[in-house]
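Next come the chains, spelled out residue by residue.
Protein chains: 2
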Amino acid sequence: MLDQVNLQQTVTKEEYKKQGKDLKPALSALQQPLKKAKLPVIILFEGWGAAGKGSLISSLILNFDPRGFQVHSISAPEEREKRRPVLWRHWLDLPEQGIISVLDRSWYQEVSVTRLEQNLADSSAIRRMADINSFEHLLTDGGYLILKFFLHIGKEEQKARFDRLEQSKNTAWRVTEVDRRRNRQYDKYYKVYDEMLEYTNTEYAPWHVVSATHRRSATLEIYRTVLDRVQSALKQREEKAVHLTPAPGVILPGDFPLVSMPKLADVRLNEKLGKEKYKEELDVLQERLGELHSKLYRKRVPVIIAYEGWDAAGKGGNIRRVAKALDPRGYEVVPIAAPSQQEAARHYLWRFWRKLPKDGHIAIFDRTWYGRVLVERIEGFTPPEDWQRAYREINDFERQLNDWGAVVIKFWLQIDKDEQLKRFQNRQNTPSKQWKITDEDWRNREKWDQYEIAVNDMLQYTSTEFAPWHIIPSQDKNFGRIQTLQIITNAIQQRLDSNEKQNK
Amino acid sequence: MLDQVNLQQTVTKEEYKKQGKDLKPALSALQQPLKKAKLPVIILFEGWGAAGKGSLISSLILNFDPRGFQVHSISAPEEREKRRPVLWRHWLDLPEQGIISVLDRSWYQEVSVTRLEQNLADSSAIRRMADINSFEHLLTDGGYLILKFFLHIGKEEQKARFDRLEQSKNTAWRVTEVDRRRNRQYDKYYKVYDEMLEYTNTEYAPWHVVSATHRRSATLEIYRTVLDRVQSALKQREEKAVHLTPAPGVILPGDFPLVSMPKLADVRLNEKLGKEKYKEELDVLQERLGELHSKLYRKRVPVIIAYEGWDAAGKGGNIRRVAKALDPRGYEVVPIAAPSQQEAARHYLWRFWRKLPKDGHIAIFDRTWYGRVLVERIEGFTPPEDWQRAYREINDFERQLNDWGAVVIKFWLQIDKDEQLKRFQNRQNTPSKQWKITDEDWRNREKWDQYEIAVNDMLQYTSTEFAPWHIIPSQDKNFGRIQTLQIITNAIQQRLDSNEKQNK
Chain A
1368 MLDQVNLQQT VTKEEYKKQG KDLKPALSAL QQPLKKAKLP VIILFEGWGA
1418 AGKGSLISSL ILNFDPRGFQ VHSISAPEER EKRRPVLWRH WLDLPEQGII
1468 SVLDRSWYQE VSVTRLEQNL ADSSAIRRMA DINSFEHLLT DGGYLILKFF
1518 LHIGKEEQKA RFDRLEQSKN TAWRVTEVDR RRNRQYDKYY KVYDEMLEYT
1568 NTEYAPWHVV SATHRRSATL EIYRTVLDRV QSALKQREEK AVHLTPAPGV
1618 ILPGDFPLVS MPKLADVRLN EKLGKEKYKE ELDVLQERLG ELHSKLYRKR
1668 VPVIIAYEGW DAAGKGGNIR RVAKALDPRG YEVVPIAAPS QQEAARHYLW
1718 RFWRKLPKDG HIAIFDRTWY GRVLVERIEG FTPPEDWQRA YREINDFERQ
1768 LNDWGAVVIK FWLQIDKDEQ LKRFQNRQNT PSKQWKITDE DWRNREKWDQ
1818 YEIAVNDMLQ YTSTEFAPWH IIPSQDKNFG RIQTLQIITN AIQQRLDSNE
1868 KQNK
Chain B
1368 MLDQVNLQQT VTKEEYKKQG KDLKPALSAL QQPLKKAKLP VIILFEGWGA
1418 AGKGSLISSL ILNFDPRGFQ VHSISAPEER EKRRPVLWRH WLDLPEQGII
1468 SVLDRSWYQE VSVTRLEQNL ADSSAIRRMA DINSFEHLLT DGGYLILKFF
1518 LHIGKEEQKA RFDRLEQSKN TAWRVTEVDR RRNRQYDKYY KVYDEMLEYT
1568 NTEYAPWHVV SATHRRSATL EIYRTVLDRV QSALKQREEK AVHLTPAPGV
1618 ILPGDFPLVS MPKLADVRLN EKLGKEKYKE ELDVLQERLG ELHSKLYRKR
1668 VPVIIAYEGW DAAGKGGNIR RVAKALDPRG YEVVPIAAPS QQEAARHYLW
1718 RFWRKLPKDG HIAIFDRTWY GRVLVERIEG FTPPEDWQRA YREINDFERQ
1768 LNDWGAVVIK FWLQIDKDEQ LKRFQNRQNT PSKQWKITDE DWRNREKWDQ
1818 YEIAVNDMLQ YTSTEFAPWH IIPSQDKNFG RIQTLQIITN AIQQRLDSNE
1868 KQNK
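Protein chains in written order, with the working numbering: chain A, 1368 to 1871; chain B, 1368 to 1871.
If you're looking for bench data, these hints aren't it; they were derived computationally from the structure.
Any given hint could turn out to be false.
Treat identical chains as interchangeable: a pair holds within one or across any two.
Stated by the list, open to error - List of simulated lysine-lysine pairs, DSSO-like, C-alpha gap at most 27 Å:
1) 1602 - 1402
2) 1558 - 1800
3) 1405 - 1868
4) 1803 - 1402
5) 1725 - 1449
6) 1642 - 1666
7) 1725 - 1555
8) 1558 - 1868
9) 1405 - 1789
10) 1844 - 1644
11) 1405 - 1722
12) 1536 - 1725
13) 1662 - 1868
14) 1526 - 1722
15) 1391 - 1380
16) 1722 - 1449
17) 1800 - 1391
18) 1666 - 1558
19) 1803 - 1844
20) 1607 - 1630
21) 1402 - 1555
22) 1607 - 1646
23) 1666 - 1380
24) 1784 - 1558
25) 1558 - 1725
26) 1789 - 1646
27) 1803 - 1405
28) 1555 - 1380
Predicted, not measured: the structure shown is a model, and the values here were computed from it.
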C-alpha cells in the first residue's frame, strides 16, 4: 500500500487557511451529535519515527472539547501487561460511548517494530494480525468506529528530520540510537509496515495512509478523513435506528471445534453423596488443588473458571469449596451483576477482559460473559442479531484465552424446577437467608422454559475443545462440589503435564 | 509494642471449634448491615515472613460473600507506580462504600522493609510515617474503617518455618535468600517494625499485634477483632445518623504557611489587551512553554494546573491556549463533572488521585477538588463539618504533591456578574453555542453571592506557599490567557532553576 502514496503532496498556505476555516468548526461540531448517538470512536496513529504524530495529534485534538476525548500513548508493555494476553491493555483503554479515543501508537506496534526487533516468527506475526482483525471486527460489530492513520515519510526525509532535531539542545534527546538504526534499516521496516497495512486493511477498519512529508497537507487530509468517516457513521446509525428489524434467526458459532453436549432435560440428577464420603473426598481434592495452585503459580499458567447455573443451584457454596483450597494471593472471585454505568457504556466483553487474572493466577467468575446469550436474550436487552453474533465472539474470546496459555473451565450447575422451588421457599422462611431471595428470582423462575432453550443453545454452540462446558448435577450439593473439584484438578493437571511434555 | 505480645498464646482444638461456631456466622452476617450502612472497610495484614498471612487471610475471607470483598496483594511498585507519589497506588485500591478490602501487605512496606533495604534516612522514614498517619486520618474522617493486623512470631519460630517449607518440593520455592537474610537480621527488622508500630498506632487507626505462633489462637483473635470493630463502627454510624447537628462553623485550614489573598470584590477587571499585542505575546509564551514542557519531561518534574472560575469565565478557551503549546504525549486535560457512581462511592479525593500525571507530565484540571468547598458547600451535598475539614485536607493533599516534586498552579478566573450575563445571553443566542448553556448555569448564577463568600473563603484558607492561588482577571479573555501563560511558564522555570541549583 505504501507505494501508492504520493510523498510530494502539498498545499499552499492560503489553501490551508481557507480549508481549515471550514474543517475546524465542522470537527468541533461533531462532538455533540456523537455524544447523542452514543458513538464511541477510536482514532489511532501509526507511522515512521519523526513523521509528526505528536504535532498532528495535537492539531486534531485542539478541535475537541476535553470532555469528549482522551489520548493514550502506547509504549512498551509493563510487567502486569506482559502477564496478560497481548490485547489486554488495549481492551482496558476502550473509550465509552460518545467519546473519542486518540491513540498515539497502538496494537500495531506488536506486529511491526516488535515483530522485527523481537524476531517474531512469521506465523506468530500472522496470527497476531488475524487476532487484531478479529478484535477490530468485534469492536465495529459492537458499534465502535475505528480510524487508522499511517503517517508515511521517505528514508531521506526521516534522516533529515532526525538531523534537524539533533541540532537543537531542546530536541536532541528525542533522537535515540534506536531511531537511527531504524532509519538505516528503513527498507526492512518498510516491508514489515507494508505487510501489516495490507493484511489489516479491512472493510470494517480500513487504513488511511497519509503522506506526512508536508505538514499542512497531512493535517487537512486527517481533518477531512475524520470528518467524513464520523459523519457517515452517524448517518448509518440513524438509518439503522429506523430500519431495525429482527435478525433472520441464524446462529453462527463460528469456525471452532465443537464438543457435543446433552440437552438439560437428559441430565441425570439423582446422584447423591453421603456426608462421610463427601468429607473424605473434599479433603483429598482440596489438598490436591492447593498443591496444583502452587505449581501453576510457579509455571505461570493462568486459570479461568466460569460458573453459570440456575438461581439457587448452589454456585456460592460450590465456589467457596474451591476457594478454600487456594492461596488468597493467587486467586480472585469475580462476582458478575448487572453492568455499572461505565461498563454498560463499553463493549460487553470489556468488563471481563478487565478482570482477567495475571498468568499464574486463578479467576473464578460467579456468572459470566454468557449473560449475553442468557439474560440479555431473554429480557430483550440486546437485539437478536447482537446476541446471536455473541456465540462466535465468545468462542473467539475463549480461543484467545487458550492461545495465551490459560486453562478455561466452564460449569453449568443443574437442578430441576422442583428443587429450585424448595430452595427458594427455604430461603424465604429462614431469616438469615432472606436477603438471598428477591422478586427477580421469582420472575426469572417464571421464565424457566425460555431459559432452558437459551441454555441448551449456549451449551450446543459454545462448548469447544479448548473450552468445553461441564454440566454439574447439583440436586445434591455435595455431589456437585466434588464433581467440580475433580474437573478442575484434572484440567489443571492435564495442562501442567502437557506443558511439561512440550518443554522437553 | 512487640514486647507486650505473648508469643506462647494458644487455644485447644475444642475451644477453637466452639468459638469458631459462633464467630464464623457472625462474621458472615456482617456484610448485609455493612452494605446497608455504606461502610467501607480496610483490613490490612503486615507481619514477619512465614507468619501465616496467606492462610489467615484465606480463613477470614471464606466467611464473606465474594460480592462484598476484594483482596489486594501488594508487591514492589511497578514503573508507573514509581512515577507517582508513594501513596498513589494505595489510593487507587480504595474500596467502595459497603465493601471490605483485604490487603496482603500495605503502605507499611514503605516504612519497614523498604526503609531498611533501601537505606531510607530516618527523617524520610518519619515523614513517610507522618504521611501515612494523615492518610489514615483522612480516610477515617471520610467514613472508612481501618483495621491493621501485625502478625508476630519469634526469630527461632520463623527459622523453623522456613526450614519446614524448604523440605517440600512444593513449597521450597517460597523461601528466598531475602527471607533467610531477613531472618538472620531479625533484630534489625524488629527494631524497625517496633518503631513503625509505635509511630503509627493512632486512635483512629490502631494496630492489632497478633501472636501468630499458634494458628488457632491467631485466627480467633482476628475473627473477634474484625467482628468487634465492625460492629462498633456500625453502631457509631447509627448514633451519628441520629444526632447529626450542624458543625460550629469553625474553619481550620490546618498548619500550613498561608499567602494572603485579596477579596474578589477588590480585583481590578478593567485591564485589556489589544489583538496585535495579544497575538505577539501568545506566540512567544507558547513557544517558551513548549520548550519548558520538553525540559520537564526530561527532568521528570510533574505539573498540576487547576482551573476554577465563574461559569462562562473562559476556562475552556484559556486551557486550549495552554494545551496548544504542549506535546499530546505529555499532558492530559481532566474535565471534572459530577462524580460517577464509582467515584461517589469512595473518598472525595479518590478521583483526583487517580488522575495524577506521571512525573514529567502535565495534568490540567478543568474544575477540581475545590468543588468540595464550592458546589458541595452551597448545594448542601456535604455536611458543614465535612466541607470545613476539607480546607485542611486539601492543603495537605497539595503539600504531598509538592513533596513529591510537583509544581502546583491554581487559577481562579474572575469576571463580574454583568459580564457573565452578557456571555450567557450570547451563548443562548448563538445556535452553535447553545449546548454550552444549561438551566443549571442560570440556577448557579442566582446563587452568585453565596458563591462569592465560598470563593473568598477558599482563597483565604487554601492559598499556601507551596500551592498559591492566582486570580486571573478574565473580563478581557485575551488578557486572562496571557496572564495564565505567564504564570505557568514562570512557575515551571523557577522550579527547574531551583532543582538545578540543588543538584549542583
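Failing hints, ascending? Hint check: 2, 3, 6, 7, 8, 9, 14, 18, 20, 21, 22, 23, 24, 25, 28 fail, others pass.
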